[in-house]
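First to last, the sequence lines map onto chains A and B. At position 87 of the first sequence (counting the first as 1) the number is 87 in the numbering used here, and the numbers step up by one without a gap. At position 231 of the second sequence (counting the first as 1) the number is 231 in the numbering used here, and the numbers step up by one without a gap.
Rather than coming from a laboratory, the hints here were simulated on the basis of the structure. Hints are all accurate, no fakes.
When the alpha-carbon atoms are kept at most 20 Å apart in a straight line, the in silico EDC-like pairs for lysine to aspartate or glutamate are as follows:
1. A/Lys110 to B/Glu402
2. A/Lys153 to B/Asp386
3. A/Lys228 to A/Glu249
4. B/Lys357 to B/Glu436
5. A/Lys110 to B/Glu399
Chain by chain, the residues:
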Amino acid sequence: MSHRTTLFELKDIHVEVEDKEVVKGVSLKVKAGEVHAIMGPNGSGKSSLSNALMGHPGYEITSGEAYLQGHSILEMPPDERSRAGLFLAFQYPLAVPGVTVANFLRAALKAHRGPEADMSDFRRLLKREMAALSIDPSFATRYLNDGFSGGEKKRVEILQMSVLNPKMALLDETDSGLDIDALKTVSGGINRFHNADNGILLVTHYQRLLNYVQPDFVHVMLGGRLVKSGGPELALKLEENGYDWVEQETGLTAEV
Amino acid sequence: MSKSNTDIQIPEAIPELERGPVWLRQRRQSSRQSYNSTPIPQRGLHLWRYTDPQRFVVDRGDASDTVYDENYDRIRQVELKHLESGHLSALVTDLGGREIEFYGIEKLGERGVAVMPVSEAVEKHHDLVERYLYELVSSSVGKFEAMNGALWNDGIFIYVPDGVTVDRPIHLIRELGRTDSVQFPRLLVVVGKNAELTLVDEYGGGAFGTQAGTSYSNGAVEIFGLEGSRTRYVTLQRQSAATTSYLTHRAGIERGASMLTLALAFGGAVTKQNFGVVLNGPGAESKIYGLLFGAGHQHFDNHTLHHHSSGQTRSDIDFKVVLRDRAISAYTGLIRIDPHAKSCEAYQENRNLLLNKGCRAETIPELEILNEDVTCTHGATLGPIDPLMVHYLQSRGIEHREAVRMIVAGFVSDTLRQVPADLRDRISEVVNQRLEHL
Ligand SMILES: Nc1ncnc2c1ncn2[C@@H]1O[C@H](COP(=O)(O)OP(=O)(O)O)[C@@H](O)[C@H]1O
Ligand SMILES: [Mg+2]
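All chains, full assembly: derive it from the sequences and hints.
Spelled out as structure tokens, the structure:
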């Protein structure tokens with residue numbers, strides 16, 4: 001696949017949560033090999049967009065289109081979107097008591113590979129990816145996110161991404177709650193995952209993560225819209241000056 | 001078949017009442033008298049709010065059947081294999097107290113462990129039987145306990161001498177006939193000082209369909225854990241979906257003894273079970289795990305009792321309920337701490353997972369705490385599977401059905417971990433079956 005292929009495309013996506021429109025027409029094209037970042041202040045609709053794209057039952061896409069490798073995904077249930085190659089690292093991953101990290105990931109990988117697939121490499125794969133993310137081996141037999149710290153949850157989200165190896169990864173505030181060492185480990189994981197055939201959309205409030213994972217494009221989200229796009233320099237400008245100047249320049253407010 | 005709508009009197013001269021030595025016949029007769037003179041509990045009164053007591057009134061004259069289904073043969077074969085391969089210490093099959101067969105008991109006998117019919121134990125272990133039989137489950141508990149006390153045919157007696165460890169489970173299968181069948185199973189267990197026992201007590205069989213006539217079981221279980229003993233008691237209800245079932249279980253444990261009770265229930269049309277452990281000496285510890293999974297129109301009514309009659313005792317209950325279709329469960333959990341019982345710990349949790357609209361669960365904690373110096377917590381949850389949890393699994397490619405299966409399996413996993421190895425496959429199989437076509 002050439003790096004010029006469009007991998008992921010959003011056309012005028014509108015999202016409602018509890019009968020309120022919170023995403024008001026987002027369009028975006030991610031080509032294979034690209035890293036995009038959506039930056040925006042709290043409440044601007046970043047998580048609503050990410051969750052809706054993954055098929056979260058609480059977020060309704062009222063209009064718009066979304067394509068992954070040319071296939072329309074919005075009619076698909078979440079599991080099919082995942083198997084088609086979409087991944088979302090959640091901002092607030094849920095705990096699933098009684099289901100261990102290893103069993104969860106085995107079931108997920110098996111769902112991706114198909115019921116007849118050989119899973120004999122699973123243990124080795126899991127062990128390797130856990131080591132790469134400095135996750136203690138004992139986490140394999142712990143219940144998923146049950147009693148995990150914020151940082152541990154974020155690492156385990158990235159672990160899931162590494163094991164499933166999706167085409168398009170949406171990472172929602174994956175840097176929040178991480179100390180500097182953890183941030184390095186996690187961004188190392190993201191960089192190792194990234195290649196010329198896949199795409200990444202970093203969703204973040206701060207530009208901190210962008211020091212470690214270099215975006216090709218930065219988009220600013222305000223009030224449920226992408227109001228400004230640019231290169232990595234835009235992130236630095238936001239870091240230095242905050243979001244006020246974008247609000248003034250565009251005449252929009254941050255909150256939906 | 002004649003299931004009357006009024007009370008039925010047990011006649012004075014029937015064969016069951018003539019069984020055993022004089023003292024036993026007297027106790028049977030006094031149970032009969034108590035049954036006859038005790039009115040049917042009033043619907044709506046304590047412990048009868050959710051289940052019609054009339055369901056448990058049955059004419060013992062109905063008892064006739066000795067036909068058992070293929071499932072019984074299959075399970076018997078599976079457990080016999082487990083016995084052969086050393087996963088079990090002994091296997092006992094009990095057909096309505098009329099035919100009780102024992103497998104693998106010779107080796108246990110060499111170490112003084114007794115596994116035998118009560119009719120034999122009244123001779124060989126006369127003192128123990130006379131001292132303990134009817135001690136915890138008798139007419140003083142209630143009318144239906146009196147019914148069992150009068151009408152039980154033959155029972156099972158297990159005795160583990162002081163200091164002896166039975167390291168593999170003893171497994172009992174009590175099978176109800178397929179048509180017009182009534183049984184009154186009875187079990188007496190004495191675990192000696194510092195002795196150790198794991199016991200699986202399985203209730204199966206019963207009628208299928210609506211044309212099958214009476215299908216009724218009323219059981220009594222008494223377990224005595226002497227000082228320093230360790231007992232694991234696992235009961236499995238897998239009777240047919242047309243069976244009416246009643247069971248009263250009581251265990252008494254002495255100083256430093258521990259008791260783990262695992263109550264698994266999947267079967268029965270109407271099942272009322274009452275599990276109780278009395279903690280009689282300092283250092284005694286009881287843990288009760290419950291797991292029931294109801295489907296169709298099944299109705300479950302469960303009670304647990306933790307009675308701290310001594311200070312410095314500890315009890316813990318984890319009772320889990322999964323329901324689907326139009327199944328119903330009521331759970332009443334009583335913690336009683338006597339006035340002089342200082343420094344006790346008592347915990348109780350009842351969690352209910354309702355897999356669809358239409359099923360119903362009730363949870364009633366009851367506390368009778370008569371000593372202030374106590375650590376006690378209780379809690380209950382009741383509701384559907386969290387749709388966001390399902391979404392999380394689905395977002396990783398796992399299909400909806402499989403996601404639900406994994407979450408329910410997760411919900412029950414801590415409990416299933418307590419299931420002895422020989423039963424584990426069968427229980428997982430039942431759980432998986434119950435999750436089909438949701
Ligand atoms: N589950 C929800 N229920 C109700 N309102 C929500 C929910 N999720 C988001 N919102 C609302 O949608 C708007 C955008 O929130 P969100 O997408 O979380 O923003 P961001 O991720 O950029 O901080 C906010 O007004 C927020 O209150
Ligand atoms: Mg957010």
